[in-house]
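These protein sequence lines are chains W, Y, Z, F and S, in that order. Counting along the first sequence from 1, when you hit position 104 you're at 104 in this note's numbering, and nothing is skipped either side. Counting along the second sequence from 1, when you hit position 135 you're at 135 in this note's numbering, and nothing is skipped either side. Counting along the third sequence from 1, when you hit position 129 you're at 129 in this note's numbering, and nothing is skipped either side. Counting along the fourth sequence from 1, when you hit position 422 you're at 422 in this note's numbering, and nothing is skipped either side. Counting along the fifth sequence from 1, when you hit position 49 you're at 49 in this note's numbering, and nothing is skipped either side.
The reader is advised that the hints may include incorrect statements.
Stated by the list, open to error - The list that follows gives simulated cross-link-like pairs (lysine-lysine, DSS-like), each with its CA atoms no further than 30 Å apart:
(1) F:K47 to W:K136
(2) Z:K559 to Y:K147
(3) F:K207 to Y:K345
(4) Y:K346 to W:K210
(5) W:K39 to F:K244
(6) W:K210 to F:K248
(7) W:K70 to F:K370
(8) F:K370 to F:K207
(9) Y:K350 to F:K73
(10) F:K79 to Y:K346
(11) W:K69 to F:K277
(12) W:K100 to Z:K519
(13) F:K160 to F:K277
Said to hold, decoys possible - Chain S residues, not near chain Y, derived (Cβ > 12 Å throughout):
(14) S45
(15) L58
(16) L79
(17) A106
(18) S109
(19) F116
(20) L132
(21) E133
(22) D141
(23) L142
The set of hints was computed from the structure by calculation and includes no laboratory data. For each residue, glycine too, the CB sits at the ideal point set by N, CA and C.
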Amino acid sequence: MNDMQFLTWVRGTGLDIAVSIFVLGVLWRLFEIYSLGRKADLAAPRDTPGASGWHTIFRRSIPPQGMVKKSPVSYIGGYTFHIGLAIVVFLFAPHILLIKNLTGLSWPALPSQFIDLVTVVTMAAMVVVLADRINKPVKRYLSTFGDWFTWTLTFLPLLTGWLAVQHLLLPYTVMLALHILSVELLLIFLPFTKLFHAFTVFGSRWYLGKINGHKGVAV
Amino acid sequence: MQGPLIDTLARQGVTRRTFMKYCATLASMMALPPAAGRAMAEAMAAAPAAARRPSVIWLPFQECTGCTESITRSHSPSIEGLIFDAISLDYQETLMAAAGHQAEEALHTAMRENAGKYLLVIDGSIPLGLDGAYSCIAGKSNLEALKEAAQGAAAIVAMGSCAAFGGIPKANPNPTGAVSVSDIIKDKPIINIPGCPPIPVVMTGVLAHFLTFGSLPELDSKGRPKAFYGETIHDRCYRRPFYDQGKFAHTFDDEGARNGWCLFELGCKGPVTHNACATVKWNGGTSWPVESGHGCLGCSEPDFWDGGGFYKALSMPADPLKMGAAAAVVGAAAGVALSFANRGKKSAAKSAHETTTLADLEK
Amino acid sequence: MSTAQRIVVDPITRIEGHLRIEAETDASGKITSAYSAGTMVRGIEIILRGRDPRDAWAFAQRICGVCTLVHGLASVRSVEDALHRSIPSYSIPQNAELIRNLMIAAQYVHDHVMHFYHLHALDWVDVVSALKADPKATSALAQSISSYPKSSPGYFAEVQKKVQTFVEQGQLGIFANAYWGHPAYKLPPEANLMAVAHYLEALAWQRDVVKLHAIFGGKNPHPNFVVGGVPSAISVHTAAENKVGGQSGTAVNMVGLQTVQNVIKQMRDFVDQVYVPDTLAIASFYKEWGGIGDTGGNFLSFGDMPMKSFWDTDSYLIPRGVILDKDISKIHPIDLDADNEIQEFINHSWYKYSQGDDQGLHPFKGETELNYTGPKPPYEHLDVEQKYSWLKSPRWQGKSMEVGPLARVLLMYANTECGAHRQTKELVDYTLQTLDVPVTALFSTLGRTAARTLESKVLADSMQGMFDQLMANIKAGDVRTFNDQYWDPSTWPRHMHGVGLLEAPRGGLSHWINIDDGKISNYQAVVPSTWNAGPRDTLGQPGAYEAALQHNHVMHDPKQPLEILRTIHSFDPCLACAVHVTDPDGEELVRVKVK
Amino acid sequence: MSASLEKGVRVLKEVIDAPIASYFNSCVHCGLCAEACLFYTETGDPKYTPIHKLEPMRRLYEQEYTLLGRLGKLVGLSKPVTDDELEAWKELVYNSCTLCGRCSAVCPVGNDIVYMVTKFREGMSASGHAPEGIIGAVNRTVTIGSPMGVKLPAVKAQMKHVEEDYGIPIPLDAEGAEYMVMLSSMEIINFPEYLAAIAKIMKQAGKTWTLCSTAFEATNAGYQIGNSDLARVLVMRIVDGAEKLKVKTVISPECGHAYSALRWNGANVVGRPFTFKVQHIIEVLGEFQEQGLLKTEGFETDRLTFHDPCQLARRGGVIKQQRNLMNMVAKNFVEMPDAGYMNWCCGGGGGASAIEEGEELRLEAFKKKKSQLDAVKPDRLVTACANCRIVLEEGLEHYQMDIPVVGLTEMIAEHIPDQTAENGA
Amino acid sequence: MPLDAIPIVVINPSENSAAADRGLSGNAPVLLREIAQLTGRLLDSGEASAIDLRALPLTPADLDWLRETLGRGQVAATLEAEGESTLTETVCPGVWWVTHHNENGAVASEFIEVTFVPELLKAHPDDVRIGLEHLELLISDLS
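Generate the whole structure from the sequences, applying the supplied hints.
As structure tokens, then:
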């Protein structure tokens, strides 16, 4: 298989397989998780404005008071890499095009130099977060194979994408193919690893907000 | 700057200044540093003028004659310049006067007289199906003709994407079993000059290099001269700044298209295509595909015909995703099935509930 | 030549591709029957199946690198026709039609000139004889027939010197082993020298005029097209508003349009001052070829150069129609969809039809299944009683047709009511008068070659009008070049079919496409050389090449098949060929290696 | 698998629901919950990371309710939960967790870890892995009526004592009263002033109220041990009492867990909504203050600070009221760092204070409270939870800090003008 | 129709004058530093050097900017050899802007040369020798 065939495969059959497993996995896992259901709360609710599942989905994106000081690396590194990822994934023109092709939705892109910068910052943040995981007793204690594996799965698309754009290490065609392949691996494993938090985080926050909101606590 | 070649050129009215200019421009085109132009001028000037013009034999196989047409569009050196001053084009079906057995004889004479020295140029792919009956010249299969001609060749130039990589005949489902020259010939130096067709100046430039230095230029992993195929179209494209700014043409006739914004969204394969179109341009520097508004087809890359569609951006799926809907159904079905299993399990646990008593607290 | 002969000439050179012809001569050396065979196939119709119809043009274009744009454009038109048949409001901006016309016309002029000088001329011009010419006399000759500025004695002396050096070196290259000195060459040395000089001039000229294709299509060979218009957006800006800096966004800017204007002028100048005078001058030495190479008198043209729209055939510069039995007083209309009009037969072609090989199939129902039954290579000859070619045999109402410049010129000649074609009539009449030959001389090898020249003039002249119209549109603020409605195949009806017609330099071209679910389900290209070079059909009727060769060809020396080349080249073949000459009894006689 | 383990697993299967599944899938092992947990911050031992305390339940969830987990169990990649493991986890689930909810407050993906711990305790208790101390408390509550063994006569003695001291009658089993007041046994034994304070306040507010002879004990050890069945038994006593006396509102005393158990969990364990309201005494006081029914005189002048009981503030949504009440009677009120919603637990909630073997750890964790107090150096510490009060006093004594702890209700009552005279006149 | 009859069709009203909108890639200003460095080297060691402008990712706007910035100096030379070549000294003496056109007038290559006199302008000793022979012939013709 030459590099062009490799690229065409990852853009064609490979993508098809990856997206299919992703869609299949996401639906299966969402059903599996949320079909367990929850009993209705019979306690009389206390109504406080701002205390609800929806509010919590957004409110939890802001660090609670004092916590940034407690664990600056987790917060700054984590926020940087999540926001960076979002920018790179959703505001880079070629990615928007893919999303447009798959969903029909599109929006304006950011200049690629900026995306480039964000990618580097994101990768740096990820490396810092990784170092933190190795150094911090709690994180090291909690970490399993899955944590190292998913870090790699997330890092590879950034690295390969950046290398491809910068024309480093391997010819662009191969690098682009590796980039797409790494994204496909990410898609394939996402529903079955802790990466699935990308989906359940909303459900979790909503439940937290809902359960506590019932008590009048805006969490 | 002295030497037989420069003297010969001088006799033809080429001054040293002209020659230096030519070398500077050639070096620029071949992406060599400016100093190389002077070095090249000196090397070429010092090269001994051949007693005979080197023999070039050009065999057409599964081709469309586009490569031949392309070389006739070469500006510097021009095709007539090559034929009259630089090479002896002893066999070229489209241009040669003789036909039939006279042509065959010219071929065999040239092969005999220049054994071991001639440059063999091949355009078109070679079909292996039906014992080669898909393409025959003089009743002889291309495969046989290639093997015979390759024996005495000093080097082989696979001209165009068909000869270099199999090209359009090899496109899915490859009905005739077409292959490239390098799939067949393993014991001769082969230089691939892909493109559909290749840029004329690339063809003549490589010929000139071989004739001047007697060796092949440096090649990349796909057998292409690095000087011309070392960088991608995208790298050298004048529209690259727009890509970087995120400005794209969305159709062939919108504001972006008229302003010359990046054609990535319209399927341009510039980022994965190694060729010199963006710098050398076409037809005497008049224009080139991207400048005229159509994305690069990627024609100098192997199997570009099966690269997923010319209007699909590289970041778009090469084929429509076929399994997605099925996967969604399967995923939902699996999810629903698991839901029922889980809820069943849960209610079973619930109905088996035995009220905990104080005694139960103690194990 | 005292016995019947069977001759094998393979390859026929100075054509595009691989063609083989088999013919038989009687004892006098006269050809009694000839067989034309395409010996190369790539299966592009098969490769196209299942692909995105918008991509098809690029594949189809690679059918031929000489015709280089016609297949691409025919393919684009086939998809557009499919859309138009399903969605009648679907249209192409006029600017796109004009740009396409300019590109087609430039292709004609470029291709015809190159054919005449580089592919055909060596059949009539003895290069070696040019060495004997007197440059002064050559200059006088040149000046007597044309006002072309490059006609000084010094100019011709230089050309002669160049050829001299070349010949003296002993390496004739592409001119080696040819038929120099053959008695069929009748030009005086001065005319030969002039032609050789123009051979070189034309090489330089053709390089420049293809810039028109480079402006609109990005490159030549194989310029780019797009379904729905042309891909070259018009980029006319002031420098101040110019976003790219020194030059406008696309190649179609002020500089590019100026180049186009220059090319048009260059084309007209060369045709008027070199091509037309040379044709007339050379033809005057070969008038007997006005009686050789008649194909039987059936001509077909699909028409082209829509001034308004592809679907408005009344706006075509070149008319559509069929002429039967040389009767130019009656133009027969063509029904593209009628099952019994355009059909392809394969009795003698290496294909298989699912319903039996004897029937003819309309291209919309066409099938392409390769079925090679010929000899295993290396082979000496083909069995012409059986299948012997990779070409199919297209027929109109069961009749063999000639397509190409002669067909078009005859149709324009027959349409004199239309203003544009008065020029054609005048040109044809002037030519016949100048050469002093009867009108029947048109149906010949000479007529075919002359028609090509005359057509070049008509088209080169028409280009200025097209360009002016384009400029007027731009001036009026209309810069539209592309219709992006229905660009996405997901917006198309599930089942469509269409035909893209185009008059290629070599004749009527048609691409037939069936589209199901946005993908090509069947693709059939019926190309000019299939009409002309196709083998015999079910009824045994010969194709145009075969018929022409069977008309009045007496081989001076079968070892030097110059006569065959003249007639075959007069069609400007677009494939690789071979010629077999077999005994009328079918008995194989002495196999003569033609050397 | 032992029968008890089997039962525990069955109970867990019953209680694992969508929020828990969602939470487990959302956890990214970021470890931020550890930073919020005083058992981790004061010991530095990563095993006290809140989410880690749920590890056996996580595995059980995956093995029971996810396809991949089932496969993993099948091929031996995922080990089944054992008695030994649960026994080892007892310390993490009970001793080192006070259900204070700070971890839930900081989790970036929104996992309600306390919610999960309460569910895990269902399985732990059902499988016999609850700590002795809490089991004892449950036993006493169910069999005797109160975790500290207080019976009705003891309550009556207190009532009498208050009536004598303050001259205010304490109603018992008064049908149709607006409020039914609950007590915690700690108040009956250690803080009798509470009952007096209620009497004074109710009198000033002019509200009718009553104690209930069959349901005076508010503490719900069943809730603390995490057993709904036993919690239900205890809640039902209150429900029966309240419905029998037809009161409008039941007042939960100054006890955080009692409030959570009745206010938020009660209806759910009995399986139907209450016919009466449940309010914490601080909520009631807040209402009285708002309605102008609470009038005080004079101010405390020494430096006071307030310890927010977790169940009242963070888990109960009552934060402003206690501050308004403080300001009513205190001139020199200062807030500790992190006070309010993010206040640190005393270290003894959720039943932890009942675990003898957990004392050392509790005292270690108390350093957090110590540092909070060190930051403001109060003269006295006010709170609104009897359990907090006891744990705080223990801790302060251990660290030899001389800061008395007082109940807010009592402090308010002290500032209510003497009503005996008025009324007696 | 003459081309100048075409009115200017404004497809895009100019929005603002941000560098990016004018097509500047930002690569040109860097070149100035390189040129300065090369000029320093020329002064220090006499070593001439050249920058191939086609080998750099410069937009036409970049080139315009550079040309405008460097300006035109006092010396300009034209060479007629297979198309015109122009060698123009910029306002910085020793920095030359060299443009080679092909026979069709298109720009074939473009350099900035940092040298006292561009190599191309100097007569080659061999040519001078031929010139001398020619001169001697002329002189001998005088007598």
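Structure-based check of each hint:
no.	hint	verdict
1	F:K47 to W:K136	holds, 13 Å
2	Z:K559 to Y:K147	holds, 28 Å
3	F:K207 to Y:K345	violated, 51 Å
4	Y:K346 to W:K210	holds, 23 Å
5	W:K39 to F:K244	holds, 28 Å
6	W:K210 to F:K248	holds, 27 Å
7	W:K70 to F:K370	holds, 19 Å
8	F:K370 to F:K207	violated, 39 Å
9	Y:K350 to F:K73	holds, 23 Å
10	F:K79 to Y:K346	holds, 21 Å
11	W:K69 to F:K277	violated, 41 Å
12	W:K100 to Z:K519	holds, 21 Å
13	F:K160 to F:K277	holds, 28 Å
14	S45	holds, 15 Å
15	L58	violated, 9 Å
16	L79	violated, 6 Å
17	A106	violated, 4 Å
18	S109	violated, 4 Å
19	F116	holds, 16 Å
20	L132	holds, 16 Å
21	E133	holds, 14 Å
22	D141	holds, 24 Å
23	L142	holds, 27 Å
Against the hints set out earlier in the document, violations occur for numbers 3, 8, 11, 15, 16, 17, 18.
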